[in-house]
Amino acid sequence: DQQVKQNSPSLSVQEGRISILNCDYTNSMFDYFLWYKKYPAEGPTFLISISSIKDKNEDGRFTVFLNKSAKHLSLHIVPSQPGDSAVYFCAASDSSGTYKYIFGTGTRLKVLA
Amino acid sequence: DTGVSQDPRHKITKRGQNVTFRCDPISEHNRLYWYRQTLGQGPEFLTYFQNEAQLEKSRLLSDRFSAERPKGSFSTLEIQRTEQGDSAMYLCASSTGQGWEKLFFGSGTQLSVL
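As they're listed, the protein sequences go chains A and B. Taking the working numbering, the leading residue of the first sequence gets 54, the next gets one more, and so forth. Taking the working numbering, the leading residue of the second sequence gets 8, the next gets one more, and so forth.
By construction, these hints were calculated from the structure, which means they are not laboratory data. Please note that a few of the clues may not be correct.
[What the hints assert, rightly or not] The calculated DSS-like cross-link candidates involving lysine-lysine, where the alpha carbons are at most 30 angstroms apart (straight line), are:
1) A:Lys-121 to A:Lys-107
2) A:Lys-107 to A:Lys-58
3) A:Lys-153 to A:Lys-109
4) A:Lys-121 to A:Lys-58
5) B:Lys-78 to A:Lys-153
6) A:Lys-109 to A:Lys-121
7) B:Lys-64 to A:Lys-124
8) B:Lys-109 to A:Lys-121
9) B:Lys-109 to A:Lys-163
10) A:Lys-153 to A:Lys-124
11) A:Lys-58 to B:Lys-109
12) A:Lys-58 to B:Lys-64
13) A:Lys-163 to A:Lys-107
14) B:Lys-109 to B:Lys-78
15) A:Lys-153 to B:Lys-64
16) A:Lys-107 to B:Lys-109
17) B:Lys-18 to A:Lys-153
18) A:Lys-109 to A:Lys-163
19) B:Lys-109 to A:Lys-124
20) A:Lys-153 to B:Lys-109
21) B:Lys-109 to A:Lys-109
22) A:Lys-124 to A:Lys-163
23) A:Lys-109 to A:Lys-58
24) A:Lys-58 to A:Lys-124
25) B:Lys-64 to A:Lys-121
These numbers were taken from a predicted model, which means no experiment stands behind them.
Next comes chain A alone, as it looks inside the complex (with noise of 0.2 angstroms):
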């Protein structure tokens, strides 16, 4: 059973265009929402987090947008960079007070320059 699902294996944006990455959840309970990226041969990077309690919020390039009617969160990068070429990861947590991760599948951006 897949609670956190990103439904995009893959996209290619071209650099200075806006990417965006899109993650659904089932647990209507998850509260609390992570963002990573990933290179190879390296662990999960933090980049931007969400709670229920906001629909918005902002970091530089990074804006994650949470619509909780509809169990959807989305990344927007602008402007997409070559660098950011990665897995994006999106991650839940519940208000169970267990603080683990449900991790997502992964979406892998390609920015073509």
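On the provided structure of chain A, position chain B as indicated by the hints.
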């Protein structure tokens, strides 16, 4: 902040052998997590510790797997009688332990079981 350190980076072993991985979290981080990642998948939760207490274990963690964090600092993950299906990247992460927060990941240990 020296980051999360994992050792070894790579491990090749024969089926049936035991292996042990070590994770050193960021200093004074109270929570420590183990995840496993296979090709094309996201990190799968295995277990986590709050200080020395192991608070949750995934059903993925069969009785061949054991994790310890004896003094609430570094942690070890042991796999006994390895199987080819255990081949994966084993990731360790830590956090301060203050509510819901980001995890800091190490570079992982890549296990190959022949």
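Does Lys-58 (chain A) lie within 30 angstroms of Lys-109 (chain A) when you go C-alpha to C-alpha? OK: Lys-109 (chain A) and Lys-58 (chain A) at ~20 angstroms, within 30 angstroms.
Between Lys-109 (chain B) and Lys-124 (chain A), does the CA-CA distance stay at or below 30 angstroms? At roughly 20 angstroms apart (the allowed maximum being 30 angstroms), Lys-124 (chain A) and Lys-109 (chain B) satisfy the hint.
Compare the distance between the alpha carbons of Lys-153 (chain A) and Lys-109 (chain A) with 30 angstroms, and conclude whether the hinted pair is satisfied. holds (22 angstroms)
Is Lys-153 (chain A) close enough to Lys-124 (chain A), meaning Cα to Cα at most 30 angstroms? At roughly 19 angstroms apart (the allowed maximum being 30 angstroms), Lys-124 (chain A) and Lys-153 (chain A) satisfy the hint.
Holds or violated: Lys-58 (chain A) to Lys-109 (chain B), with C-alpha atoms at most 30 angstroms apart: At roughly 19 angstroms apart (the allowed maximum being 30 angstroms), Lys-109 (chain B) and Lys-58 (chain A) satisfy the hint.
Quickly compare the C-alpha distance for Lys-163 (chain A) and Lys-107 (chain A) to 30 angstroms and report which way the hint goes. It holds: about 29 angstroms lies between the C-alpha atoms, which stays within 30 angstroms.
Given the hinted pair Lys-64 (chain B) and Lys-124 (chain A), is their Cα-Cα distance within 30 angstroms? Distance of about 26 angstroms is within 30 angstroms: holds.
Given the hinted pair Lys-121 (chain A) and Lys-107 (chain A), is their alpha-carbon gap at most 30 angstroms? Answer holds: Lys-121 (chain A) to Lys-107 (chain A) is near 10 angstroms, not above 30 angstroms.
30 angstroms Cα cutoff - pair Lys-107 (chain A), Lys-109 (chain B): holds (17 angstroms)
Would the hint linking Lys-153 (chain A) and Lys-64 (chain B) be met if the CA-CA limit is 30 angstroms? holds (10 angstroms)
CA of Lys-109 (chain B) to CA of Lys-163 (chain A), is that 30 angstroms or under? With Cα atoms ~25 angstroms apart, Lys-109 (chain B) and Lys-163 (chain A) stay inside 30 angstroms; holds.
Regarding the pair Lys-153 (chain A) and Lys-109 (chain B), is the alpha-carbon distance no greater than 30 angstroms? Answer holds: Lys-153 (chain A) to Lys-109 (chain B) is near 11 angstroms, not above 30 angstroms.
Comparing the model with each numbered hint stated earlier shows that all of them hold.
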